[in-house]
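With chain A fixed as given, assemble chains B and C onto it according to the hints.
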Amino acid sequence: MDTLPDVEPLAILEALLFVSEVPVTMERIEEVLEGRSRAEIVGLIAGFQERCRQGDRGLLLVEVAGGYRLVTKPEVAPWVQRFRGTKPAKLSKAALETLAIIAYKQPITKPEIEAIRGVTIDGVLKTLVERDLIRILGRKPEVGRPILYGTSRDFLEYFGFKDLSELPTLKEIESLAPAAAGKETSDEAVGDAGQPG
Amino acid sequence: MDTLPDVEPLAILEALLFVSEVPVTMERIEEVLEGRSRAEIVGLIAGFQERCRQGDRGLLLVEVAGGYRLVTKPEVAPWVQRFRGTKPAKLSKAALETLAIIAYKQPITKPEIEAIRGVTIDGVLKTLVERDLIRILGRKPEVGRPILYGTSRDFLEYFGFKDLSELPTLKEIESLAPAAAGKETSDEAVGDAGQPG
Amino acid sequence: MTYRVRLEMFEGPLDLLLYLIQVNEIDIYDIPIAKITEEYLACLATMQELDLAVAGEFLVIAATLIQIKSRMLIPAEELEGEDLPQEDPRRELVERLLEYRRFKEAALTLDELESRQQLLYARLGELSPPVAEGPLQVTLSELLRAFAAIVQRAPQATALEIAPEAITVSERMVMVIDRLALESPLPFTALFDVAGTRVMLIATFLALLELLRRGLVRARQSEPEGEIMVYRAIEGSGGDDGHPA
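Chains as they are written, first to last, in this note's numbering: chain A, 1 to 197; chain B, 1001 to 1197; chain C, 2001 to 2245.
Calculated directly from the structure, the hints in this document are not laboratory data.
The structure presented is a predicted model; accordingly, all values stated were derived computationally and were not measured.
Just so you know, nobody snuck in bad clues.
Here are the computed lysine-lysine pairs in the BS3-like style, where the Cα-Cα straight-line distance is at most 27 Å: (1) B:Lys1171 to B:Lys1093; (2) C:Lys2104 to A:Lys140; (3) B:Lys1093 to B:Lys1105; (4) A:Lys126 to B:Lys1171; (5) A:Lys162 to C:Lys2104; (6) A:Lys93 to C:Lys2104; (7) C:Lys2104 to A:Lys87; (8) A:Lys105 to B:Lys1171; (9) B:Lys1105 to A:Lys140; (10) A:Lys110 to A:Lys93; (11) C:Lys2104 to A:Lys90; (12) A:Lys126 to C:Lys2104; (13) A:Lys126 to B:Lys1093; (14) A:Lys162 to A:Lys90; (15) A:Lys110 to A:Lys140; (16) A:Lys110 to B:Lys1171; (17) A:Lys105 to A:Lys90; (18) C:Lys2104 to A:Lys105; (19) A:Lys110 to C:Lys2104; (20) B:Lys1110 to B:Lys1171; (21) B:Lys1171 to A:Lys140.
Anything over 10 Å on all C-beta distances counts as not near chain A; from chain C, calculated: (22) Phe2192; (23) Leu2208; (24) Arg2214.
Chain B side only, calculated, beta carbon under 7 Å to chain C, not exhaustive: (25) Val1019; (26) Glu1021; (27) Gly1118; (28) Val1119.
The beta-carbon is built from N, C-alpha and C at its ideal position, and this holds for glycine as well.
Chain A with its partners taken away, still in its complex shape (with noise of 0.2 Å):
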């Protein structure tokens, strides 16, 4: 590229979040934008969004899956379904545990996933195969070699997180070990119930 034209930043980025199809990474940016700095460029970005905040535009742009992504803004969604016609189809409590369970375990085998769900679970990990929510990222060195599954980028997209280290902390299991111990005897309902005759 020699002689370029001479246009507003701002423009070439809101052009750049339109065509992609996916998040934009910062390293995009600055690979198109050649020559400018990455502080130039957050200070863009943050143009960007200030622009869109007033109340005659329609998009958003939100920082997720590691890249930038314009959106419609929440407000305008009951338009927008309208005019989809649709509204979006939303994943199955079986399938948002499944999906749980594999974010935060992740590499996981399917068996391992059923041990903790307590319920088989082909159907769901076909399902989300297929939205590609999560990926195969290998096989356990172990008997049978099972697959190993984890997360997707989609899965990031799809619950707008940044990445991985944004999925909100598991509450913690309290430690049992002492408490459960020393409770044996209180179950007193045992020998009730237990001994009908």
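Just chains B and C now, with coordinates in the frame of chain A:
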């Protein structure tokens, strides 16, 4: 839709134009912006175009094929091209299918792949060779001595396999088969039962 | 038990157990096993009438409960080994319940995030971004699904040997183009004659793939799980009709 949030119509218009994959007709806008006259909408469109004219905006509202659509401004085209040009290319579905067949059935000849896919694959094969995903393993000792294809080292690297034994087995794949494919199988039952022939 | 429990409400046996613990306001660290077992089994009894396929999973936990109950019935005096601290028979189950509960809660959080994100619409991909430079972008899942579809389409190799007198892919290509010439877009499923033979379905599908590859038709899905619509690409396009192998 009962109670709608109070949103400026320009914001809604922007959102609709943004999410639409095809030019948005005046009729669609009227439908979605329920209760606004055509004159009002014409005014909105003019207002939107006016805003796009500002130097910090990268988009343009154009009237094409009986509708309105957002496009990037001509002056930002050099950057859009640069942005697009370095975009990772996706394999076509045909290429993917062919690659999958080669991965699992190697060494395999072109006619054998074509028999499975039911179409000629010259173009696809060329792409795969060019991208170093497959390589020529030799020739099959039969009439015509057709070329035998197999996957390359790049193939393994690309998908993150240590070696070919890490490829999921057919059984594992079948358990991940998409629902649509499953439906086909049940269609098969229908077809068999109702065998018209 | 005054409450009515329907088992479809639960995501599995652990979910049901957590529910019983909650409605009975039981301390999860000190579960009265006999009472819970009784209630759990009562719930299973209602399930048996429903003959659910998942019954097996519920029965596994039922067996665990019964086993714990019987272990707890052994009087403490019989296990005299004083120096060894007695392991609570319930412990493993409690740990499983706690772990499951953590993920159940995490799933609720994801559910909220999902709802919030679903109000934000992004642009769908471009119709057909050409450009074939730079690194590849294909996920393993995509590759697998491509092959899974093939496997499903052709469980026995012969199914794909299109008999000479029967349907050919090129015929089907013409059929698809003809249909779309009359009406476009058409739902994906409308292109398939339900009464057709498997070979016919396969030929039609391959024809569709081939047309897509050649850019003569387009398929769009406006949202995940949504109906796939097939569009005629621009004008009549008749000229180059199929010549597959």
